[in-house]
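Trainee: Top line first, the protein sequences correspond to chains D and X.
Its first residue numbered 1, the first sequence is counted upward by one per residue in the UniProt record's numbering.
Its first residue numbered 1, the second sequence is counted upward by one per residue in the UniProt record's numbering.
Keep in mind that the hints are not guaranteed to be accurate.
Restricting the straight-line Cα-Cα distance to at most 30 Å, the calculated cross-link-like pairs of lysine-lysine (DSBU-like) are [to be verified]: (1) D/K231 <-> X/K63; (2) X/K365 <-> D/K231; (3) D/K64 <-> X/K83; (4) X/K204 <-> X/K55; (5) D/K64 <-> X/K55; (6) X/K63 <-> D/K64; (7) X/K202 <-> X/K180; (8) X/K267 <-> X/K455; (9) D/K231 <-> X/K58.
If you're looking for bench data, these hints aren't it; they were derived computationally from the structure.
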Amino acid sequence: MAQADMLWRGLRGVALTLVVVFFLFPIFWIVLMSFETNETVLQVPPTLTPHLTLQNYVALLSGKLNTATGIINITFLHNLWNSVLLSTCSVLVALILGVPAAYAFARFRFRGGEDIAFTLLSFRFAPPLLVLLPLTLYFQDIGLSNTYVGLIWIYQLICLPLILWIVRGYFEDASPDIEYAYRVDGHSWWKAFTKIAIPLAGPGIAAAALLSFIFAWNNFVFALVLASADKQPVTVGALAFVTASGIQYGIIAAAIVLSILPTLALALYAQRWLVEGLSLGAVKG
Amino acid sequence: MYEKAKDLCEAFQARGIGRRDLMRRLAALGITAGIADMLVNATATRALAADFDWKAYKGTSLKLLLNKHPYADSMIADLEAFKTLTGMDVTYDIFPEDVYFDKVTAALSSHSTEYDAFMTGAYQTWQYGPAGWLVDMNEFLQDKSKVAPNYDWEDILPNLRASDSWSGKPGDALGGPGAKQWALPWGFEVYMLTYNKPVFDKLKLTPPKNMQELMTTAATITQSGGNGMYGVGLRGSRSWATIHPGFLSGYANFGGRDFTVADGKLKSAVNSKESKEFTAQFVQMVQDSGPKNWATYTWYEVGADLGAGTSGMIYDADSLGYFTATGDTKMKGQLGFAPIAPNPEMSHPTSNVWIWSLAMSNFSKRKDATWLFMQWATGTDHLLFGAREHDMIDPVRSSIWKDSEFQAHMEQKVPGFLETYQVTSPDAKIYFTPQPLFFNVTTDWAAALQRMVAKQIPVSEGLDALAAATDRQMSDAGLG
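Isolated chain D, as found in the complex (with noise of 0.2 Å):
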């Protein structure tokens, strides 16, 4: 009987480790390669031992490359600020806006509500460059072309939607009880709203944040059409390094490294109320 238990261990352990390296084996890989030279990465064979450098990270934090045919000026920090600032100050209006909006949402029933919470899903279904053409004419026409204003306006239609509908479930979730009973005490609606109801649901709103952050970080075709280089995130300026002279595999690698570390940052930071977050009202009492 124990040496059974210790076999299932044993095939237990096996499995588990496969299936970590399975997923862990391209990040790996991927921080190796920001650790090596074009040369060596496009070394046949690969290898699991190559020489290491630290060219990659130093060109990047130093802005210059130097290749061959002479020094590249290399924008990718700027990159990285463009993302930061788009990212959070986008989930933060869309925060601002959303969470009462999906109260609102939760805890009222009114004319056209239902239809004005789809028509909001809805901007999520549109294809980006159907949206993004017509949208390029009327931000010429009132100034907000390649402005960070209208940037973050823009990234409302991947931020707003789904803080609107995570956020809504878990207001509905929370029982208006709670609140009816500290308005009986006679604190106002206001007071409900901050005081119970956003700390009840502080978990969702916690996991649509960040949901919302990774998505608006990942976003790439919004800057690239209404934004001139210089307000370009980081999904655009990593391409930055695949050139007509060649690829610069371990630029790109490194610049993956860097760019990966807010967001994992923020989800190591909020892992607990993700967690909490996401799984709360997936089982019904």
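Based on these hints, arrange chain X on the given structure of chain D.
Mentor: Frame of chain D; chain X shown alone:
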């Protein structure tokens, strides 16, 4: 000393002495390289400005949309000269090629006034021009008062000038009667062989001269190259970019055409006898000696494999061979160049061309000022600077190909390149029939090639099916 230096710079401008000679003599006068560059620039500016009012739009600011490319880098390096010459300011947005044309199309289709001029290929002008998004450059070229006396339009290679001009009527010849000059040629590329010298030496091979030799040589390398090396690198992704380099150059050499034109109607010719003969050999070669993942291969993979020593040769752009031979690659300095006429009955190559050109947005609000910029950017002085000092390795002006300093520069960096170019260039031009569905038709063509290489359909049957599908497409669009 200053007068002597000035005289030397003026002699250089008048092509009396070469740049290297100039630098040597200036150094003898105790002038450092930095000061020498300033003197040369100042002299060039004075020479250019002598007979033409380059300052007419002083204070105007232009904005360019550029693709991240060595040619663009070369222009950026020389922009100060333009600013000094004209008193104008120039800013630019530069985007990677993977997204560049999406950006251009979005800007033009939304009638954006942000960009005054931009980089384009000739194929793209077949869509942009008839849509009314581009300015016909003949408006400026034919107005003598707007053209600087030393801007020698005829000096630009005739096939390239023609390739950037089209009447807009599907099937009409490029550069034919009534053609509009949609863009100005700026840099281009022809298609030739670039080969791995060490492996050719090891296997005692000589560069192939026709398709049969190419197939045999590629097969030998695949069998005996060692270290997983394969014979020939070719593009194979489901894209127009698979058709236009080596494939179309060889196809044209066999007498193949994409369309025949009768009474203004286009009929697919991809299933002609010549087409079937060449395509069968091409497909066989990819199956026997091409890369394993050929159907995913683009410019980048073809270049990366050549640079890593994984492929024995490529039949692709001369610039790809050049960048690989001079870049940070394992095979740096070990690549050779050779012309190829795939049809054994042909004495010379018929290379298709890709032309990086400059076009003016029809929505620009500063068209005359933009014309000054385009004139400067495609003028001899700037292009000479790019050819001598940077990587503008395929100058569009015939005078630059004859420049001794450029020749010496190229011979030192990539021996054999110039000779190969000389053999390849005389019949180099666009071999596609201009029509607005170019990208759809060529993408389908690449998809058909993929099916043939994957043995999902025999070549003859595949080409018949492709011709029928293309004819349907043309008919639906009112073109066939």
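Trainee: Now tell me, hint by hint, if it's right for this structure.
Mentor: Okay, the hints, checked on the actual structure:
Simply put, D/K231 and X/K63 have alpha-carbon atoms about 16 Å apart, close enough for the 30 Å limit, and the pair holds. Among the hinted pairs, X/K365 with D/K231 is consistent with the structure: their alpha-carbon atoms are about 23 Å apart, no more than 30 Å. For the hint linking D/K64 to X/K83, the alpha-carbon distance of about 25 Å falls within 30 Å, and the restraint holds. The suggested pairing of X/K204 with X/K55 is violated, with an alpha-carbon distance near 60 Å, which exceeds 30 Å.
As the CA atoms of D/K64 and X/K55 are separated by approximately 34 Å, the hinted pair breaks the 30 Å bound. This hinted pair checks out: X/K63 and D/K64 have alpha carbons roughly 24 Å apart, not beyond 30 Å. In summary, the hint linking X/K202 to X/K180 is not supported, as the alpha carbons are separated by about 52 Å, beyond the 30 Å threshold. Note on X/K267 and X/K455: the hinted pairing holds, with a Cα-Cα distance of about 26 Å set against a maximum of 30 Å.
At most 30 Å may separate the alpha-carbon atoms for a hinted pair to count; D/K231 and X/K58 meet this at roughly 28 Å.
Violation of the numbered hints given earlier is confined to hints 4, 5, 7; the remaining hints are satisfied by the structure.
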